[in-house]
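Using the sequences and the hints given, assemble the complete structure.
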Amino acid sequence: MIKRSPLRRLGTITGALSAAFVLSITQASAVSREVERATDSVGPGNVWGHECNRKGANGASIVCYYEKGDWLEIEDVKSDGYSAVMDWEIRDSEDRVVRYGSTFNADGLATTRYKNKNFPDYNHRIRFRACLGHWSTRLITAGTCSSWISRDT
648 MIKRSPLRRL
658 GTITGALSAA
668 FVLSITQASA
678 VSREVERATD
688 SVGPGNVWGH
698 ECNRKGANGA
708 SIVCYYEKGD
718 WLEIEDVKSD
728 GYSAVMDWEI
738 RDSEDRVVRY
748 GSTFNADGLA
758 TTRYKNKNFP
768 DYNHRIRFRA
778 CLGHWSTRLI
788 TAGTCSSWIS
798 RDT
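Per the working numbering: the sequence shown = residues 648 to 800.
Calculated directly from the structure, the hints in this document are not laboratory data.
None of the values given here were measured: they were computed from a predicted structure.
Glycine is no exception: its CB is placed at the ideal position from the N, C-alpha and C atoms.
You can trust all of the hints, since none of them are fake.
Here are the simulated lysine-lysine pairs, DSSO-like style, with alpha carbons at most 30 Å apart:
(1) Lys764 x Lys715
(2) Lys762 x Lys725
(3) Lys715 x Lys762
(4) Lys764 x Lys725
(5) Lys715 x Lys725
Derived Cβ-Cβ restraints for the label pairs, each shown as a range:
(6) Ala677 x Ala757: 30 to 40 Å
(7) Gly790 x Val744: 15 to 25 Å
(8) Asn763 x Trp795: 15 to 25 Å
(9) Glu698 x Val678: 15 to 25 Å
(10) Gly706 x Leu786: 17 to 27 Å
Printed below as a string of structure tokens:
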């Protein structure tokens with residue numbers, strides 16, 4: 648029979664508890680990607696406080712964020728077989744991502760679609776960019792995104 652020292656047993660228990668604690672913290676703070684389709688054909692109207700971002704020199708997609716009401720606007724302006732996409736993330740006052748996602752306009756050329764969101768209003772910023780992707784796979788095509796724009800929510 649092999650004797651085990653109490654310290655070794657204590658080390659094993661402590662290690663297991665530490666791993667369980669780290670795993671539970673990691674899972675609790677994990678943020679899931681929101682992937683959705685913008686389907687509203689009517690948005691917030693002509694309201695103040697919006698910012699837009701175009702994709703590339705040819706502007707294959709235009710995306711706008713409306714602070715009043717947290718509306719996303721996604722416009723497809725080129726017949727290229729891609730869906731126009733707004734890639735977005737919400738960051739807190741310590742620059743941590745608290746929500747993120749991709750919102751697709753999968754209705755084709757010359758369509759503008761809207762999605763109404765509910766983002767935190769205090770000490771948060773949205774970063775967003777215009778991209779191209781495919782709604783069927785729910786994926787953004789690599790190398791198609793504009794630079795990021797930041798704005799208070």
